[in-house]
Amino acid sequence: MKIIIAGAYAIGTYLAQLLSRNRYDITLIDDNEENLEKLGRDYDLLTMTASPTSIRAMREAGVDHADLFIAVTLDENKNILACTLARQLGAKRTVAKVDTYEHVSEESTELFKQLGISSLIYPEGLAAKDIINGLKMSWVRQRWDVHDGALVMLGIKLREGCEILDKPLREISGPDDPFHVVAIKRDIETIIPGGNDELKLNDLAYFMTQKNYIPYIRKIVGKEHYVDVKNVMVMGGGTTAVRVINTMPEYMNTKLIEKSEQRCEVLNDLFDSEDVLVINGDGRDLSLLAEEGIRSTQAFVALTDNTETNILACLSAKRMGVRKTVAMVENIDYASMAESLDIGTIVNKKVIAASHIYQMMLDANVHNVKFLMTANADIAEFIPVQGSKVTQKPVKDLNIPRGMTIGGIVRGNEGFLVSGNTQIEAGDSVVVFCHNVDMKKIEKLFN
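With positions in the sequence shown counted from 1, the corresponding number in this note's numbering is that position plus 1007.
Hints were generated in silico from the structure; no laboratory data involved.
Backbone N, C-alpha and C define an ideal beta-carbon position, used for all residues, glycine too.
Since no wrong hints were added, every one of them can be taken at face value.
Simulated restraints on C-beta separations:
no., residue 1, residue 2, range
1, Asn1383, Arg1326, 24 to 34 Å
2, Leu1319, Glu1421, 38 to 48 Å
3, Tyr1223, Tyr1258, 19 to 29 Å
Below, a list of computed lysine-lysine pairs in the BS3-like style, where the Cα atoms sit at most 30 Å apart:
no., residue 1, residue 2
4, Lys1357, Lys1164
5, Lys1357, Lys1136
6, Lys1230, Lys1218
7, Lys1136, Lys1226
Please model the entire structure based on the sequences and the hints provided.
Structural data, given as structure tokens:
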């Protein structure tokens, strides 16, 4: 597959590194030679120093036979123009990163498709959705819904009150049990478990279940004493914070702490003062947090542009009794450290955006791809076609690649967990969890 990426910034750089390992034919275009130099030296890809909207550069890069053109510069207008030109010059599919919420409305999306843009990526909106999902369940690190909750994946940190520790999975998660453990993150290791594996204290375990069994999962992992989130404190008044607050459930009360007095004035105009209290101050200031009621707050969300600031602020909030913390960690190098410090939910906009873009590169009918940064793993919905390999034998006889597991299927609108005797059918939505497996190998099972 030939891919052209315009823009060697956060998302473009991460995508180039990710995709070059999978041996795609990648050309990265940027007008800043310094941005390109290290990437071209360290990764298997071609770099071009040119304007991302240059027709000449696009032609030299081979846009006329590009399978995918991705525009992820810092300027959404450049991205829109670059994708429009690329499509006219022959690119099969195009993706543009945008910074305006209005652009991703259903009406606007159709308009952009007419301009030749196959898909729009709005990272702040995608991040806000993940954060809200985390806030709705204070005892869960990550939640991922399949078909509006027909199946649900829950990432849960296991503490002392968990009643299923130190028991083989075959005893606690058999064919008749209402959950499967599809992966375990233990220290720096990710485990795709078998029947003899056991859950240990402080594991981050990923459960696949049906929506109606979520209370049961909560009970067996010992999280019933976790109170629901009603009071939320947000630090940092950037675009992501605005999207989070605008999509917050009505029953949640929000206080927003922003260091810039000028930005606070803007935020006061954006929000109804009855719903959101905007506070000018530093979210790392313990006396300010105490004064603003941190001890009666169930969730603290740190969304500044500085990863270190977000991590420190979450640690301070935890020290003051907040159970649920969420940190924006844009520097991937800090993700493992944040996890080891027990920060809670970790959000990275470029990883979220890359997951959505990656979905477009797969030939099979693939939906809802998500990269689980803390587990260094992917989870996705595959829909097999008639006659594909996964429909020809029961799951136990499929010889699926090492590092892959099937968590469940949705048939019609009903979700089912998978056992060895399950027979997958064409048209099912199959939830696949994989670690250190080329997604292309998995894709072949469903084509």
